[in-house]
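Novice: Here's the letter readout for the chains.
Protein chains: 8
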Amino acid sequence: MDEKALSQLLKQVKGGQVSVDDAVGRLKDLPFAELGYATVDTHRSLRFGFPEVVLGGPKTVEQLLGIVGTLVERKQTVLVTRLQQEKAEALLARFPKGEYHPVARIFHIKQGKRKAGRVAVVTAGTSDIPVAEEAALTAEAMGAEVRRVYDVGVAGIHRLLRRREEIQDCHAAVVVAGMEGALPGVVGGLVGIPVVAVPTSVGYGANMQGVSALLTMVNSCASNVAVVNIDNGFGGGFYATLISRTKGRR
Amino acid sequence: MDEKALSQLLKQVKGGQVSVDDAVGRLKDLPFAELGYATVDTHRSLRFGFPEVVLGGPKTVEQLLGIVGTLVERKQTVLVTRLQQEKAEALLARFPKGEYHPVARIFHIKQGKRKAGRVAVVTAGTSDIPVAEEAALTAEAMGAEVRRVYDVGVAGIHRLLRRREEIQDCHAAVVVAGMEGALPGVVGGLVGIPVVAVPTSVGYGANMQGVSALLTMVNSCASNVAVVNIDNGFGGGFYATLISRTKGRR
Amino acid sequence: MDEKALSQLLKQVKGGQVSVDDAVGRLKDLPFAELGYATVDTHRSLRFGFPEVVLGGPKTVEQLLGIVGTLVERKQTVLVTRLQQEKAEALLARFPKGEYHPVARIFHIKQGKRKAGRVAVVTAGTSDIPVAEEAALTAEAMGAEVRRVYDVGVAGIHRLLRRREEIQDCHAAVVVAGMEGALPGVVGGLVGIPVVAVPTSVGYGANMQGVSALLTMVNSCASNVAVVNIDNGFGGGFYATLISRTKGRR
Amino acid sequence: MDEKALSQLLKQVKGGQVSVDDAVGRLKDLPFAELGYATVDTHRSLRFGFPEVVLGGPKTVEQLLGIVGTLVERKQTVLVTRLQQEKAEALLARFPKGEYHPVARIFHIKQGKRKAGRVAVVTAGTSDIPVAEEAALTAEAMGAEVRRVYDVGVAGIHRLLRRREEIQDCHAAVVVAGMEGALPGVVGGLVGIPVVAVPTSVGYGANMQGVSALLTMVNSCASNVAVVNIDNGFGGGFYATLISRTKGRR
Amino acid sequence: MDEKALSQLLKQVKGGQVSVDDAVGRLKDLPFAELGYATVDTHRSLRFGFPEVVLGGPKTVEQLLGIVGTLVERKQTVLVTRLQQEKAEALLARFPKGEYHPVARIFHIKQGKRKAGRVAVVTAGTSDIPVAEEAALTAEAMGAEVRRVYDVGVAGIHRLLRRREEIQDCHAAVVVAGMEGALPGVVGGLVGIPVVAVPTSVGYGANMQGVSALLTMVNSCASNVAVVNIDNGFGGGFYATLISRTKGRR
Amino acid sequence: MDEKALSQLLKQVKGGQVSVDDAVGRLKDLPFAELGYATVDTHRSLRFGFPEVVLGGPKTVEQLLGIVGTLVERKQTVLVTRLQQEKAEALLARFPKGEYHPVARIFHIKQGKRKAGRVAVVTAGTSDIPVAEEAALTAEAMGAEVRRVYDVGVAGIHRLLRRREEIQDCHAAVVVAGMEGALPGVVGGLVGIPVVAVPTSVGYGANMQGVSALLTMVNSCASNVAVVNIDNGFGGGFYATLISRTKGRR
Amino acid sequence: MDEKALSQLLKQVKGGQVSVDDAVGRLKDLPFAELGYATVDTHRSLRFGFPEVVLGGPKTVEQLLGIVGTLVERKQTVLVTRLQQEKAEALLARFPKGEYHPVARIFHIKQGKRKAGRVAVVTAGTSDIPVAEEAALTAEAMGAEVRRVYDVGVAGIHRLLRRREEIQDCHAAVVVAGMEGALPGVVGGLVGIPVVAVPTSVGYGANMQGVSALLTMVNSCASNVAVVNIDNGFGGGFYATLISRTKGRR
Amino acid sequence: MDEKALSQLLKQVKGGQVSVDDAVGRLKDLPFAELGYATVDTHRSLRFGFPEVVLGGPKTVEQLLGIVGTLVERKQTVLVTRLQQEKAEALLARFPKGEYHPVARIFHIKQGKRKAGRVAVVTAGTSDIPVAEEAALTAEAMGAEVRRVYDVGVAGIHRLLRRREEIQDCHAAVVVAGMEGALPGVVGGLVGIPVVAVPTSVGYGANMQGVSALLTMVNSCASNVAVVNIDNGFGGGFYATLISRTKGRR
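Residue numbers (our numbering), protein chains in the order written: chain B, 1 to 250; chain G, 1 to 250; chain A, 1 to 250; chain U, 1 to 250; chain L, 1 to 250; chain V, 1 to 250; chain C, 1 to 250; chain E, 1 to 250.
What the hints contain is simulated information worked out from the structure, not anything from laboratory work. Quick caveat: nothing in here was measured; it's all calculated off a predicted structure. Mixed in with the good hints there might be a few duds.
[Claimed, not checked] Restricting the straight-line Cα-Cα distance to at most 30 Å, the calculated cross-link-like pairs of lysine-lysine (DSSO-like) are:
no., chain 1, residue 1, chain 2, residue 2
1, V, Lys14, C, Lys11
2, U, Lys11, L, Lys11
3, B, Lys14, A, Lys11
4, L, Lys14, U, Lys11
5, V, Lys14, C, Lys14
6, C, Lys115, E, Lys115
[Claimed, not checked] Now the in silico label distances, taken between C-beta atoms and shown as ranges:
no., chain 1, residue 1, chain 2, residue 2, range
7, A, Lys11, G, Glu165, 52 to 58 Å
8, E, Ala93, V, Thr70, 38 to 44 Å
9, C, Thr70, G, Pro96, 57 to 63 Å
10, B, Ser7, A, Val61, 52 to 58 Å
Note that the Cβ used here is the ideal one computed from N, Cα and C, for glycine as well.
For reference, chain B alone in the conformation it holds in the complex (with noise of 0.2 Å):
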């Protein structure tokens, strides 16, 4: 059932045609019915105020040219990740205002202005830079304030330690480590924020692509750390910024 079927159905009702009791019968099940008009997007949007993320990767340049093309007519934001070089190249002659950073390999065309919190992107080393960036960048997009902490992984402590104050003056702190993966639980145990971890696949041998990364962060007694995919940047990124926000929903 679409709009206008729901329509010609009210319709019948005020004529007298149908009545009320027929009408809730089959509206009843409405739950399960064809709808016609929603739509991802906007559902999406509305929701998290924030418009759909662009997964770059496996999209062909048409589909990304498409894509994009109907967010900026609709004044969206633009965010693509995980974009390969060339097809950035393609999306960057089309729309000029664009930015592509290379590191993160994150395409990003900003319009409107959104506002989040601030937001701590912490690294154990400069392996899982790429990966903090594609956090950083993202929660940029989504108007948080980052703070960039990079390589204080718990090898040498003192590092992170001197730089507490500016991670526990945040609203959210994205964590990103590979190898052992301890760097969350330390910062977890120095300041009194929400901690997102995000395990990296930088390491070798025994550290599984990851997987021991991630096991030793979902272990954490550390009471303040939850865990996102390996490797998964834009989750971080997006978790933090929207546990930043959560001030403007009261």
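We have chain B already, so just place chains G, A, U, L, V, C and E on it with the hints.
Specialist: Frame of chain B, contents of chains G, A, U, L, V, C and E only:
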């Protein structure tokens, strides 16, 4: 170096017995030095606005009476988790103002008044309720208003749909699920708030004591889902309440 | 919005107090609104032609007496699975028309008459029989004619060969096997009907509580084999009976 | 012992050169004896009503030309799966009546007319479509009427809800999902037909090349879900079509 | 079709009531037909020269008394494995000629005389002895001469070296080891006979109930090592004795 | 202590320069002393009756030319496994009497005459043939008479049944299978000889590069099955031939 | 060949009854020959400067009384690990000079005087103390001076920081941690001495009985961390003490 | 708070502008305050007596030229690990005093003189040599005297026995092994020094990229074995050298 020694050194600087340069040299190492006056509880309490929670399961009755007694004297809220019935009875005999919740295995003494936001606690099945109650009671102890939305698993999705608004209206949701663990991803797709996913060990066979549910949740394609350890109801409730309080921090 | 409110709205449309357009606007959101009158049991029964099965294991005697009583009043067939002996005795005392099958741990009260097709239940060894009986009794409760072909494991393949026709003549086969779990693939190669493979936790060592058998079955090179969870005899019997009834739907 | 030798023996029995007892002795071992006239293809075709499907990937062009040629001569339907583009071109040059579907990597020559029931093919995301198309084209080649319901993953559950009836009206559904793999359980809860779940290797990190999705599906709490191997679109389509044809067998 | 029916058919061929062609047609399907006279035990005994071994653990005393009684009547050797003490006592009361070995949990009644070759049974530690004794007593029951070389693990390799000749002089060696499971590879490097490796669940932590030892043995760089299941002493003894008897077959 | 030093010591004992007690003292430590004259190759050849096999894959052409040259000079049989085509050509140019088998990737120079028993090499599918040929050619190089029984997987069990006798008549069987890995257990149930199971990495998805097939084989309920590493055709052929030669040792 | 036989042979060489060449031939094989006089204890004791430690758990009281009695007679230090309370009492009754430590489950009789270096034993939480005490008492029994630094886990890192110097001043540190297992890497980053990491099975859910903690430690990015088995406190204490004694060896 | 600010505060205390109590208050938080002057390199060098090692693999040539240049200026020893050939050539062109070892992929510039103990580096096979050389060159760069004992795997144990003394005479041994990973346990049983086990990813099939070897080593029953990550030759060499230098610390 404890507080007394520090005071002593500063007096010597003041009196000229120790030069400023010498004092700098000795204080440079302070981060790694014995402080003496630092205590875990105090710092933790300052950072999170909530005193350290006591894991009751492995402790003896004597240890528990001691710890709880100290907290009560300091007028701090008491929360003991994973507490067995027989130990709870010993605590209730000594501290009649406390309450014991046998399903959640939580002992609680309210002191003072705390304030946090609204937290939804959602479960897939009735077997997940003990873990969910651990989350709910933790959140309530921390001052949150909790909405319980139980037994709305994905095998009958309309049960969840009718309660969507109730969840959406909270600041964060704890979603508890065993077996296939699909519920947090579905809730994440329906609401625009941070979802804290808690896998449970409910299930059998290929569930592998909750590892399967954990993997499902970590792989969720909804961006507003982060995960804590299997059966960690306390962690889920703590994290969601922390999010709900973020408002207060700005 | 519950049925009463819906009826109220429609009356207002009929009476002209609410315009058709306004009513469309409010009904558009119905998919996510509170329905109130929806109940799990009824819908499930309509969808599958069989009432919801009760998982007996974790429920108390009181809960079971209540649930079974309700179903009996509504003249619905009762099927309680994984039911312990002592709880079964309490049910039998109250509902003397019921039957309890201790090997399969199933309690059953037949009401009305159901009709489904022919289902073969095949096991590799005698230790797999409890799981197989759970499948067989489920299928019988759903109206299927069940053929039991037990103890025909691959270590003595001719035992299976002599009974091939008996299996082939069914609409679907449930094949139950532990240890190496090879039987479903062999049966799948011999007969031209859908095979539902049920791995069991029978075995030891590298069997890893049935995970090894599960993997074997998932990797089967026979195209007419699909798999359910370890020890899930109920699921296997349910699925095969569903297939055997497909006929009635066209 | 082949057919000729068997005939010879029987003639000797008839002529009295071999006694009945001696013949019984020799025929007792027949189950394990060389038969000679048996051929895989024929038997399979008889059992399933569909000729053996050719796995194209690892075969050379020469082998494929030979096998397809033989099938064409015998007026049998041809279905080659996992076929690379360049090999497909060689087949098309020789057999211009064939069709090649590059997304599903299937080569197909229709011969005669087959009849099966209605099969829904459902996917969570667009990246699952290659596996879904392998299922859909297999089902069509076997005579099924296929309904494609693509991109209705659980992160936006209303997309699925509006198409529920379309799926419910089929005899069986193939549900294809990667990442968290939650879709088959949700579909299973919505419809009353057998669901064949196909996990895909789409995803990253803790998805572990589809193992995580496989585990989710095996643990589904919906009783009408059974599972085949990761990325096994062919198997899913074959199994669902087999179910849809069950009618013909009674 | 059983022996009687087969005889009947042949008589009809002889008498001309059934033509040779018709008889060929009916006998062609014999491989998949009901044979009736075939029995597992007899065939097995013929194939291996040893009657079927009875797995005692999951059987009831009544079942065991019945099975053992039948074997004794037929003058066959009896071997019951994994038999609990209390069931063994019931068997000994009825069959006083039997022997029970509590460490290996084997019950044995010798009947007739068997002959096999020399088998070494080697263990890493004293905790592996129950599994080793299961192997040794199985081999002895099958007629092998067994040499026990116990407690010669790799942490004190010279203990093994002094007994090398004793092992080398056998036809096959069963090497039983838990924890790291390194012994079979070391023995394989020292002797020129087939080594049957039996991992045990002895150990703790990363041993994972013997899985670690199993992996070690499967990865052995010695080419004369093959592996059976964890704790499968019976299988190890059976396989090694089979090798030792190979001589008789040529 | 090398041979010369030992001889020297004994001469001193003989001549009275060293007392018997002193010599006993020094010789007691001999187990851990330098032997010097021991060489790997010679001993291995003596132990197994077959010279050390050369793993060709990781070695350079220069290394291979050197090693093979030495073996040829000593009139020893040459067997190089896992040898790439281009390296094989360099070996053939220098040693024209050698043969290279590209499917099995084995290079072989026959020298002298070896004698072993009959070995069956059985495969489930055609994709398993490279591993099977590695086994078969190894067995032939060691003097065995090999019977190839290929493409008799469990999805069409009658293909295997017609060739049972052929396998039964051998001294040992190497059974090679990927995917579900069920064939070795089925063959083990049909024949009364030792079966050496070789899992292969053929398959996809839940096969996990052969780990699933390995687990199936280790869990086989047939007692005459032992297992070697995934894709270890050489090991399977070596072990089976060793069994077939056991005769010669008594 | 035992010591007597060796002495006999040398006398024959001296007396000329056996030629030097013949004697060389017989002695060449000595490493692999039966020596008779060799005993594990003696050699081990020579190698490590510490007698073999007795694993008490699986041994009977009779076996333990025998072994300990022998060691006491030889005036050797006695160390029995994983000893149950009731067995300990039997040992104390016979050997009143011994001590039993119920938390560490160690029985110890001091004999003679040993000297080793300084060993720190560090734990993350109080639940790790039993394993830590096993390490500490082992180290003390071997002559080390032990410094216990307990309950300094990463969730409150400053507790560890104030005790850094105490650890740094030792020759080696045993760091014991369950759950996420991050502590050894953090300690490794703070001090310049070898760290022996001992994972414990303390934790739940994704901890998987300590496997998660083990993986964390193996992946540590601190280069001065090496790992022993889960819950292997004895091994950790032994290894660290061995390091602390290295000094004496130069 | 950096050094300048600290100095400033102390001057104010001295001058009376700040009271002692106020200064104590501000310095109490120092553990978590900004230090500023601390640098990783210096501290690390002080703690271990060896400058930070540079992981060359993921760095660009420009980054490497910069880092190495700085170290050379400061007259510090340079050690770059996992360095590709082409980057090494760029470094050699600029720093002709450096050496590049292509097998171990290490670049090294010796500056000053270091002194450590004796370290044995032992390998099972020739394929393990790259990892072993990484260990050996690291140890030599740190001042150790290295003894290489290569290709002494357990499949030919006498090769190892002849070299036992050579290993025993060192302060620590690095034992490198892939496939089954049994060598460290065997070496541990033969010598009385700490053994650092390095599993390698050499092998195939059930080796699972070295995980199997890692598990073997962690389960070793020799108490003088501790383990580092798969293929971590650098870590093994570093740890063993640290042990060998323990002497210098007392």
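Novice: All the hints need checking, so say for each whether the structure fits it.
Specialist: A quick look at each hint next to the structure:
no., hint, in the structure
1, V:Lys14 / C:Lys11, "8 Å, holds"
2, U:Lys11 / L:Lys11, "12 Å, holds"
3, B:Lys14 / A:Lys11, "8 Å, holds"
4, L:Lys14 / U:Lys11, "8 Å, holds"
5, V:Lys14 / C:Lys14, "4 Å, holds"
6, C:Lys115 / E:Lys115, "25 Å, holds"
7, A:Lys11 / G:Glu165: 52 to 58 Å, "24 Å, violated"
8, E:Ala93 / V:Thr70: 38 to 44 Å, "41 Å, holds"
9, C:Thr70 / G:Pro96: 57 to 63 Å, "59 Å, holds"
10, B:Ser7 / A:Val61: 52 to 58 Å, "54 Å, holds"
When the structure is compared with the earlier hints, a violation turns up for hint 7 alone.
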